[in-house]
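Engineer: This is what each chain is made of:
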Amino acid sequence: MSVTISPVYLFNVERGQPEAAELWDAITDQQLADWEAEWIPELFKALQKLRRAGVERKHWPQSRHWDWRRKAAALQGILAHQGFSVMCNGLTQGMMFVDTTTKRCRVESQKSKNLVYVKFVENAPWNRKELLFDPPRYRGIGSILMRAAVELSHSIGFKGRVGLHSLPQSNGFYANACGMTDLGVDPDPDYSPMRYFEMTSEQAVAFVEKGGKS
Amino acid sequence: MRIEITKDWCIKMARLEDDYEIGAGAIAVDPVFDGEKAAADTSEQSEPSIAFGRLLRLMRRSQGLSVEKLADDAKVEMEELVGIEEDTHFRPKIRTVYQIATYFNLPQANLLQVARLTTPRDPRLTEEAVRFAARSEPVVALTKEERAALDAFVTVLSERK
Amino acid sequence: MSLSKRTMTLNLTDAEMQVLEELCARKDLSKTALLRQALRLYQIVETRLEKGDKLFFEDDKKEKAEVMML
Chain A
460 MSVTISPVYL FNVERGQPEA AELWDAITDQ QLADWEAEWI PELFKALQKL RRAGVERKHW
520 PQSRHWDWRR KAAALQGILA HQGFSVMCNG LTQGMMFVDT TTKRCRVESQ KSKNLVYVKF
580 VENAPWNRKE LLFDPPRYRG IGSILMRAAV ELSHSIGFKG RVGLHSLPQS NGFYANACGM
640 TDLGVDPDPD YSPMRYFEMT SEQAVAFVEK GGKS
Chain B
57 MRIEITKDWC IKMARLEDDY EIGAGAIAVD PVFDGEKAAA DTSEQSEPSI AFGRLLRLMR
117 RSQGLSVEKL ADDAKVEMEE LVGIEEDTHF RPKIRTVYQI ATYFNLPQAN LLQVARLTTP
177 RDPRLTEEAV RFAARSEPVV ALTKEERAAL DAFVTVLSER K
Chain C
2 MSLSKRTMTL NLTDAEMQVL EELCARKDLS KTALLRQALR LYQIVETRLE KGDKLFFEDD
62 KKEKAEVMML
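These protein sequence lines map, in sequence, to chains A, B and C.
According to the numbering used here, numbering within the first sequence proceeds without interruption in unit steps and concludes at 673.
According to the numbering used here, numbering within the second sequence proceeds without interruption in unit steps and concludes at 217.
According to the numbering used here, numbering within the third sequence proceeds without interruption in unit steps and concludes at 71.
Looking at chain A on its own, in the form it has when it is part of the complex (with noise of 0.2 Å):
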């Protein structure tokens, strides 16, 4: 599998500045390595800590987490689903898994138009602070895999549209942070109750102008 690595910035929380990284255009077995190994583990403590501390969380079906571990292997080597990875001190802090092929635009002024949809995107856990993780190590992680996604749409000829379903605790970060349009609840029962978030052209644009003119 040949990757592409680009140098990226995180903000290390602790020491209060920037610390050097990486996004590879991948998923390898490195990431999952790293994802079955370090995640999930400080994933499973994190929900007991949470647990026992009497924090209500809304329960999913543990399941749908385990199918994408193996999904993952089968997913590598699709041209149509592509992975990125954030990687810094040696290990994977966030990861991306994209389709590029068999969704479609729903916002109205770029209805059934070509985007990039983000199937899967996921924070180290020592990275959320709604995990106890206070503070949080890294910060920036989910702004540097929404560039990635809008530079890819670019890429293939898609303008920067992205779109996708926002975990409930997330809806804040794409509706304001990326300036996304919501377009509410997707009752599709395989998704509901998620909402549907998607980017035009312009809202890239603004996106990545957001950070300074790079």
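The hints are all genuine.
Covered, in the sense of this in silico footprint (three residues per stretch, anywhere, with C-beta under 8 Å from a C-beta of chain C), are these stretches of chain A:
id	region
1	535 to 549
2	555 to 565
Cross-link-like lysine to aspartate or glutamate pairs, in silico, EDC-like; alpha carbons within 20 Å at most:
id	chain 1	residue 1	chain 2	residue 2
3	A	Lys562	C	Asp29
4	A	Lys669	B	Asp74
5	B	Lys63	A	Glu481
6	A	Lys618	B	Glu60
7	A	Lys618	C	Asp29
8	C	Lys62	A	Asp647
9	B	Lys63	A	Glu668
10	B	Lys63	A	Glu478
11	B	Lys68	A	Glu481
12	C	Lys6	B	Glu60
13	B	Lys68	A	Glu478
14	A	Lys562	C	Asp60
15	A	Lys570	C	Asp29
16	A	Lys562	C	Glu59
17	A	Lys669	B	Asp75
18	C	Lys28	A	Glu661
19	A	Lys572	C	Glu22
20	C	Lys63	A	Asp647
21	B	Lys68	A	Glu668
22	B	Lys68	A	Glu473
23	A	Lys570	C	Glu23
24	A	Lys588	B	Asp75
25	A	Lys572	C	Asp29
26	B	Lys125	B	Glu135
27	A	Lys618	C	Glu22
28	A	Lys669	B	Asp64
Derived by calculation from the structure, the hints in this document are not laboratory data.
Using N, Cα and C, we set each Cβ at its ideal position, and we do this for glycine too.
Put chains B and C on the given structure of chain A with help from the hints.
Structural biologist: Chains B and C alone, transformed into the frame defined by chain A:
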């Protein structure tokens, strides 16, 4: 593909991103810690883990524990322990493996791999698991207890209604 | 996905070129972008068919018609 993102962009956006959650996608949901089977697809043939079942049985017996006692002490379901020991195709819950690891003071990640719940990433561990499974096959005669339990169960089985 | 650096010359009939141009106009994609999309779609379809899955179209009235079979 090469993607050019400046350091300034990364840092500025990291500030705006702050501590937002970013998870998205139907498969990004956090797992429930207990209650659900680890196997996503029950129609899938799970890979056999002879080593894990054998390990559990031998560790349990080395400490003189019955299945019920271990289940109680380790706070796992008895059905899970029986399944692990008796059925090589049984797929235990992640939580069960975690509890067992904690109870016997073994590294969780390694036990998960031996239990075939994660893809093997340590080939040496896989090798050792196979070796262990092969060497630990019992060939001794039944103990008094085993004989008694066997006889009692055979009696029940043989009862014709 | 690396930088696109492998080049190919594609010979099409007049009819094929016309369809290509129409699709490009309709989908607002360049010829290259459209054909790459077609390749991605084709791989997905073939992968599923090879597994034994079937491909259906469903019309408004929910009457299925089998489109492809191995």
